Amino acid sequence: MNQSPILARVFAYLSLLTVGGGMAAFPEMKILTVDVHHWLTFPQLIHIYSVGQMAPGPNMMMIVVIGQWAGGLLGGLTTLIAFFGPTAVLAYVVGHAWKRLERWPWRRSIQEGLAPVSIGLLLAGCFTMAKGAIFGLETGAIAVGVLLMLLQYKINPALLVVAGAIVGALSFMPK
Amino acid sequence: MTNAGTKDAIAPTQPVIPKTTVSVREIFLAFLAIGATSFGGVVPYLRDGLVTKRCWIDDKEFVEMLSISQSLPGLNATNMAILVGQKLHGRSGSFAGILGMCLPGAALMYVVGIFYHLHGDHTWTTAALKGVAAAAVGLILYTVVNLSQKALSHKFDFVFMAATVLTVNRLHWSVPRALLIVGALAILFHHPYRKPKTTAP
Chain A
1 MNQSPILARV FAYLSLLTVG GGMAAFPEMK ILTVDVHHWL TFPQLIHIYS VGQMAPGPNM
61 MMIVVIGQWA GGLLGGLTTL IAFFGPTAVL AYVVGHAWKR LERWPWRRSI QEGLAPVSIG
121 LLLAGCFTMA KGAIFGLETG AIAVGVLLML LQYKINPALL VVAGAIVGAL SFMPK
Chain B
176 MTNAGTKDAI APTQPVIPKT TVSVREIFLA FLAIGATSFG GVVPYLRDGL VTKRCWIDDK
236 EFVEMLSISQ SLPGLNATNM AILVGQKLHG RSGSFAGILG MCLPGAALMY VVGIFYHLHG
296 DHTWTTAALK GVAAAAVGLI LYTVVNLSQK ALSHKFDFVF MAATVLTVNR LHWSVPRALL
356 IVGALAILFH HPYRKPKTTA P
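Chains A and B supply the protein sequences, listed in that same order.
When we follow the numbering used here, the leftmost residue of the first sequence carries the number 1, and every step to the right adds one.
When we follow the numbering used here, the leftmost residue of the second sequence carries the number 176, and every step to the right adds one.
Incorrect hints may appear among the rest.
Once the Cα atoms are required to be at most 25 Å apart in a straight line, the calculated DSS-like pairs of lysine-lysine come out as [unchecked claim]:
1. A:154 to B:228
2. B:235 to A:99
3. B:262 to B:235
4. B:325 to A:154
Keep in mind the hints are simulated off the structure, nothing from the lab.
Just so you know, these numbers come straight off a predicted model, no measurement behind them.
Same shape as in the complex, but just chain A (with noise of 0.2 Å):
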């Protein structure tokens, strides 16, 4: 069955979610791909949204695995289109005028409050994230090592994702 114009849909409205950030599209995302349209499991979003972490460039390019487990390449190309399409198009057209509006006193007011609002939804994102990922002990010791790492140094985060994977294999391996 073609899926391509589902996930054109269900991905060009998870675009216009991305405020702040791709994490804050991440509750819904799941609900969308996970539980209404199954084109992929939890524990599956989970993994390749951090394995995406590794990759350069936009940050959110998971996205075209889901598009391509569930329609190919033909999905892939589908999913990578809806999702940045929209949002392209509202900054070419915002951007120019948004610049323009340096002197409207609103615009501070709003980006002011929609900052706290932006931040939030990344932290939802990253609870709703958290309930799949974090189980234990070891777990938890990874998140809070690289937060805590950051913190403290400066340090590529792509590196630290990296150590991850060594400290999971190393730790969840049988045997």
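Using the hints, position chain B against chain A.
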């Protein structure tokens, strides 16, 4: 103006880059390079590639464009590609920018998707993936801490932050609903006519 004898007069014009001379191809290649190498977050790579290396925009413009990128929906990486591309070469510049930015990561993740399907359930991969996922949670937490320190301007902002988390995670509000209701309240709270004690930028 370009007489052979006025060499000194030419020298100071070095930082002024005529904006119309940046071709669509150059924009595509610049963003392709950033899209292919920006491991661990695009912002420092964008700054290095666009401001430091190529002088296409200056630091002030970069910060301004970044703040617009953050206020609009969409990822910083792609919004910046659109805004910078637009400034340099209009519509085709934006298209070249976002295409270059997305191509390497998308191709890589496509391959990762195939490999995950083939090898995702091996014991060593599942073990490593558990570690990767936990590390990613730590990374997001860091972004939360980092942004809170930088972007929040009032103690009361933490209430809006908590309200957003609760409405999305506990009350299962959709993101648009949370944005509309909590966002509107937060914007009203920060209305421009409140006590003008925070006039410093």
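(message) Just to be careful, I want the Cα atoms of residue 262 of chain B and residue 235 of chain B compared with a cutoff of 25 Å; is the pair within it?
(response) holds (14 Å)
(message) Hint check: residue 154 of chain A vs residue 228 of chain B, CA-CA at most 25 Å. Holds or violated?
(response) Holds, at roughly 22 Å.
(request) Take the C-alpha atoms of residue 325 of chain B and residue 154 of chain A, compute the straight-line distance between them, and say whether it is at most 25 Å. (result) Cα-Cα ~17 Å, so holds.
(message) Between the alpha carbons of residue 235 of chain B and residue 99 of chain A, is the straight-line distance 25 Å or under?
(response) holds (13 Å)
Hint compliance for this structure: no hint is broken.
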